[in-house]
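Model the full structure from these sequences, guided by the hints.
Here's the letter readout for the chains.
2 protein chains.
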Amino acid sequence: MQVDRVYEGRILSLDLMDVEMENGVRAAREIVRHAGAVAVLARTPDGRYALVRQYRKAVERDMLEVVAGILEPNEEPEHAARREIREETGHHVRTLKKLGTIYPSPGYTDERIHLFFAELESEAGASDPDHDEHLELVLMSRDEIEEGLRKGEIQDGKTLAAWLLAEK
Amino acid sequence: MQVDRVYEGRILSLDLMDVEMENGVRAAREIVRHAGAVAVLARTPDGRYALVRQYRKAVERDMLEVVAGILEPNEEPEHAARREIREETGHHVRTLKKLGTIYPSPGYTDERIHLFFAELESEAGASDPDHDEHLELVLMSRDEIEEGLRKGEIQDGKTLAAWLLAEK
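Line by line, the protein sequences give chains A and B. Per my numbering: the first sequence = residues 1 to 168. Per my numbering: the second sequence = residues 1001 to 1168.
Note that these hints are calculated values from the structure, not bench results. Don't be surprised by glycine CBs; every beta carbon is placed ideally from N, CA and C.
As a list, the in silico DMTMM-like pairs of lysine to aspartate or glutamate whose alpha-carbon atoms are at most 25 angstroms apart:
#1 B:Lys1168 - B:Glu1147
#2 B:Lys1098 - A:Glu146
#3 A:Lys151 - B:Asp1110
#4 B:Lys1057 - A:Glu8
#5 A:Lys151 - B:Glu1167
Some chain B residues well away from chain A (every beta-carbon gap over 10 angstroms; in silico):
#6 Asp1046
#7 Arg1083
#8 Val1093
Distance windows between CB atoms, simulated:
#9 A:Met140 - B:Glu1072: 35 to 45 angstroms
#10 B:Gly1152 - A:Ile11: 24 to 34 angstroms
#11 B:Met1001 - A:Asn23: 36 to 46 angstroms
#12 A:Val138 - B:Glu1136: 33 to 43 angstroms
#13 B:Glu1167 - A:Met140: 17 to 27 angstroms
#14 A:Thr101 - B:Val1138: 13 to 23 angstroms
#15 B:Pro1045 - A:Glu123: 47 to 57 angstroms
#16 A:Ile11 - B:Asp1128: 30 to 40 angstroms
Written out as structure tokens, the structure reads:
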């Protein structure tokens, strides 16, 4: 199997692979390599959910998403989840529970997202986003999220997945 | 804003962009361009769901996913949904309903997935997958899917999203 790295970058790399399938057919695959990420459905003591709204250049629009971020080298997902909660909401974490793992687009990327559910402490300090992020914290009730899903105002894949698994 | 196309391929391209954010900070963005896709939660007349199992080279494992595929140039999502159902299940479509749209990974790709729910006709013909796919059709009950979600046997993001929206 031939692998050709055509790009190596900051948050992703791109490999071209020539693969042979079970049925013997040879096929080319373009594969995006990604460090992986965490996403956290975070609930405040008053029962609201802490989402973040931010402009996403890739899709050229604002997106409403659960707290999330990319894993740092050798970082444990739980550590990354606590770090992202602190950076994006300013809240301390009371409890953190693993919900599951998803592959957002397994046809072409190895990105894996570790999903968590967090209960937050009430007092919020200052959030501390990465210097190249510009985030707005949005506290939503359960009904507001349900309505946002029905109306298509929440369209981020990992956010839907976390909401589904938190119910299971 | 400077855009540099570093790769142009079969199912995706890669752009490097130098963007200025609302707060004035300049940041580099690596953005994967994708044609977009459809995904269909398809139910047979006996109440089972038609999922497909296939080996995904990007994640180096078998994945259990709803029927799905990439949009062809200028193809309407509903047309692509009907085409993928025919190719991957061999069934005819009785009804097709739009569930919504998700962005699987808006931090770095413009990929948009149009989600549908389909009621299938009972008689199945031969499926007709793309020559570089090798798919196994898996009929699952509602309880089996719920169990697969809880146990982490279903980890494909678009499949979780379609399941969530089909309930709304």
